[in-house]
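Respectively, the protein sequence lines represent chains A and B. Under our numbering, the first residue of the first sequence is numbered 76, with each subsequent residue one higher. Under our numbering, the first residue of the second sequence is numbered 102, with each subsequent residue one higher.
Take the hints with a grain of salt, since some may be wrong.
[To be verified] Simulated restraints, written as ranges between beta carbons of each label pair:
hint, chain 1, residue 1, chain 2, residue 2, range
1, A, A107, B, L526, 34 to 42 Å
2, A, K81, B, G581, 55 to 63 Å
3, B, G592, A, I163, 37 to 45 Å
4, A, L143, B, A303, 29 to 37 Å
5, A, I163, B, M591, 36 to 44 Å
6, B, A577, A, F96, 38 to 46 Å
7, B, G307, A, I163, 28 to 36 Å
8, A, A107, B, L507, 45 to 53 Å
9, A, D196, B, A303, 47 to 55 Å
10, A, E182, B, S106, 28 to 36 Å
11, B, A588, A, G138, 43 to 51 Å
12, A, V136, B, E511, 50 to 58 Å
13, A, E182, B, Q474, 24 to 32 Å
Honestly, the hints are just simulated from the structure, not real lab data. Quantities reported herein were computed from a predicted structural model and do not represent experimental measurements. Just so it is clear, CB atoms sit at the ideal spot from N, CA and C, and this is done for glycine as well.
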Amino acid sequence: MTGLEKAMALGGHFTYFITIFLMIAGLFIVIARGNLIKKLVGLGIFQTSVYLLYIAPAKLVGGTAPILSDAFTVYSNPLPHVLILTAIVVGVATLALGLALVVRIREAYDSIEEDEILDLDAAAQPGVQEP
Amino acid sequence: MSLASHLPALQVVIPLIAAPLTVLLRRRNLAFAVVLAASWVALAIAVLLWLQVAEGGTISYAIGSWPPPWGIEYRVDRLSAFVLVLVSGIAAIVLPYSRASIEAEVPPQQHYLFYTMFALCLTGLLGITITGDAFNIFVFLEVSSLSTYVLIALGRDRRALLASYQYLIMGTIGATFIVIGIGLLYLMTGTLNLADMGRRIAMVQGTRPVLAALAFLTVGISLKLALFPLHQWLPNAYTYAPSAVTAFLAATATKVAVYVLLRFYYSVFGGSQVFEQLPMQEMLLLLALAGMFAASTVAIFQTDLKRLFAYSSVAQIGYIMLGLSFDSQSGLTATIVHLFNHGVTKGAIFMLLGGVALKMGGTSLARVQGLGQRMPWTSLGIVVCGLSLIGVPGTVGFVSKWYLLLAAFEKGQWWLVFLIVASSLLAVAYVWRFVEAAYLREPRADTAGVGEAPWSMRLPTAVLVVATLYFGLNTAFTVGSASNAAALLMGGLG
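Just chain B, same shape as in the assembly (with noise of 0.2 Å):
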């Protein structure tokens, strides 16, 4: 076999043996170097991995040569490809970018294991999405979670450490939620393979334990993705981790969960089946909508900008279930786009803050003042952001929330329509927080003569800030992605 049919296992086992290497080299910029690497090779795989997917179908390779069902199998499909290219993309943006941003957040001696940690986090997240075993999708989700808690811990503020403690507990119960409903699937199915699954629960369609499966697995990924009234461990662990951590999460980890919703729902338990046994549509409708609305009014009253915006993620994970619950191939079209313009534009937003924070002291609203003034550009890229969470027309904003109302006029529920500009407007709201901090205010005299973030982090920054508007004009790669994944996921088993 040659190198290029090994890729799928490559993608994971590249990240994966960093992470120990960098613990035997110890020396922080040998580490840096050799998890740079990894994420830049990840991310050709991935682009590779896409390519090939676009041209010939889905991939499946098994591990270790032992056929499916029996072996693991790891499965790249058109939905899998995209988000693959999404996280090892932000991984290899924000790398760059962290080498200074740690410096003033993170102690010196601890600098090699943010990087072995963040080798570990990506490691497990495109371990998730690539796998095609329902257990093996636990490990890689325990494998980033761990990682990941130990990230936000690394955070300066001793409320880090509160806030990575209880994102542990929330993250292992539902983690423990998912390997119970993986359990109870495996009970009736006797099969882990997602697709084998798939294909075998016709035939104990509707049975009580199947219906408890559903229920477990929908609540403890919604615990994962922080849907709505599940959020309440984002917020602290957004505001208190490292910046470099806080984009990376942004952009990735809850991003990779609704992945993971989707494959259950539609690869396994197909999803037509969801909605119609249980009130589905209803119930992932009114959390999305009590999600849009709730928690972008409490992102208006934010005094501290990464609690703010982390306050919006949690709004923008309504839109993308939004998607979900129309259970239309417009609708999950609508999601998937989401899914990608989201995590690019809140990477961007996290990462400018954390020039902010570098620079000024603090990301308080007390303390920009004036922003617009002392980091011109900086300020410029927040607003620019800022208009795409909006959705103006231009940004990559705007092309989620089109097909989100696409989806919503084809179910004729103009009503959503209102909504949808409603919560848009609340938006505006807390964007304009910040405008008016940065651009109507007086800089504090006690940030006088403070300049723009080193080029190490304005570069990777910039080059999510452009891609919040190319993506914006040009949709082809995203909505060309995401409608044919759509598609996929649509036609029965994926």
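Next comes chain A alone, as it looks inside the complex (with noise of 0.2 Å):
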């Protein structure tokens, strides 16, 4: 393989490198960041990441949705795409779970930093030790 060919093969993939781009970057803010609300942010781009795995293989270039007719021959895959709706619907429902719990958690800790919350905990039973 000649280096054009290789950066064609590296090109026709790119939809992968910004998929898993997302995916490190959302999974990365989930584990590294304290604030609770941006943890959810975080979580909500590697769902996001998920739902571009899906759909990038599915859809071909100038494609159509399947219909039945002489004047298309060439169609995307409608499947992925149905999948990924309810997954988005998932991923709200959680978004919003999430968000309802954090409300809650503000009211109970009046905080929504995790090391803050912790320490509260920890204040409020001293001589337990969280293994």
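Got two chains here, each in a separate frame; can you build the complex from them with the hints?
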């Protein structure tokens, strides 16, 4: 393979690079951030990357919806699109529930920083060691 | 078509319909009655399905009459029928118990929502078990997970909120890993039907996306089933959730995740393939052993009984995974038997602790001092279930350990036999912590006059405690079903 061909092959996979970049970025935010809202933002990005993982391979350039007609010969696979509709609904529900929990946590602790909350819990219960 | 042929669909639809009904009714007594009826009907259907499968073999049900692999297929085989009986049975026992239990732990205006979430959680767990469609597993997994987060957040303690939030983060990462795995498998095989996937995967076996899918599925499902290093969400969630919720989750949620793992490993990848291509056997063995020892050791040093037994659950999941790591029929039998036996035992323990929390005002070891005098029957029940966790003959725990030891002998790994027995000794230590507090200490003055929990809580609990003993002596149902299911899994296509 020449250098140009390699570059073309990599270019053909650019959707995967974007997908994996978003995936890692989202997961990193979830792990590295202590702010409960920012964690949910990271979780959202992580879930969104999966939508790309499903949809990008299913979409053909110039493809239409699967319409039974002589005018169209190339069409995209509709199934992954439909699956991801479901996944989007699940993602929205998760985000809504997560945010609702953060509201309740803020009411109970007056903070949305994870380390502050853990300190408050440790202060309320001296002597209990978390392994 | 007669009603009997629609049983697989009704298994999921009946609890699903009960959930919105409770929101419309809003009255907690009506909501309780509706969900109770739904869970008992679900149990009856599960038993009928189990009988049908035992006689006529695997049932395939095409949702909306769209034939598989194009439509969604519900598939009941010996393994899923067994897990269906466990899940719906535990739900049918925990629900009557929950009525008195949540009285003290959940604000009255939220009671009907408790039943809504319970029904949804049951729907999700039954759906995961019965469906034969990979993406459907994800959807039902999220139905059960989202309702579980709400159920945990209903706990009285404010730490329940944080426990629920942490579980939401971990659970969603796990579920997303599972979708990534399913997506990669779909890319490679072009199908979502598990049985069809299992047939087509032979052509792409060993390719990098399939191996990546295996890795994503293993990690994602392990998060859900709380395999040792991924168990961080479990102790807090179990400790701060309302007692009835803890009992239900401990007995069913992680067990259903184990079922999903078995399903993917054996029905899709083909068990031996999984274990040949990657060093899965060594990895699972190591994690299982680490869980058995580390979690049991941590359990010994806990000061709260709910947290102590939560860590014990992580250790017991180690035994379940140990059976899987043998990749043999006897190992799988041990896994599936322990899945049921541990569900029954842990369900009983957390139900008993719910009674303790209600009457004694908490479950810390300092508070339950002298429990043997204050609540003799409850105390005795916890000891019986504790013996089952240790694996004393006459209890279900012994049956599981016995089959696990047989599988280890069969593989010629005698050193594992010692390790299994040694980890049981750790269980002796943490159960002794309870015995010491309950029988050898004088009761606290502020628990004077405390008696047994109300009958509505004691009766369902007693059923499970008796089951712990009964299935320890009569193993026809549990071991029979488990070895049939193991034979089915080892035979290839489920």
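For each hint given before, does the structure comply? Return the numbers of the non-compliant ones in rising order.
6, 10 and 13
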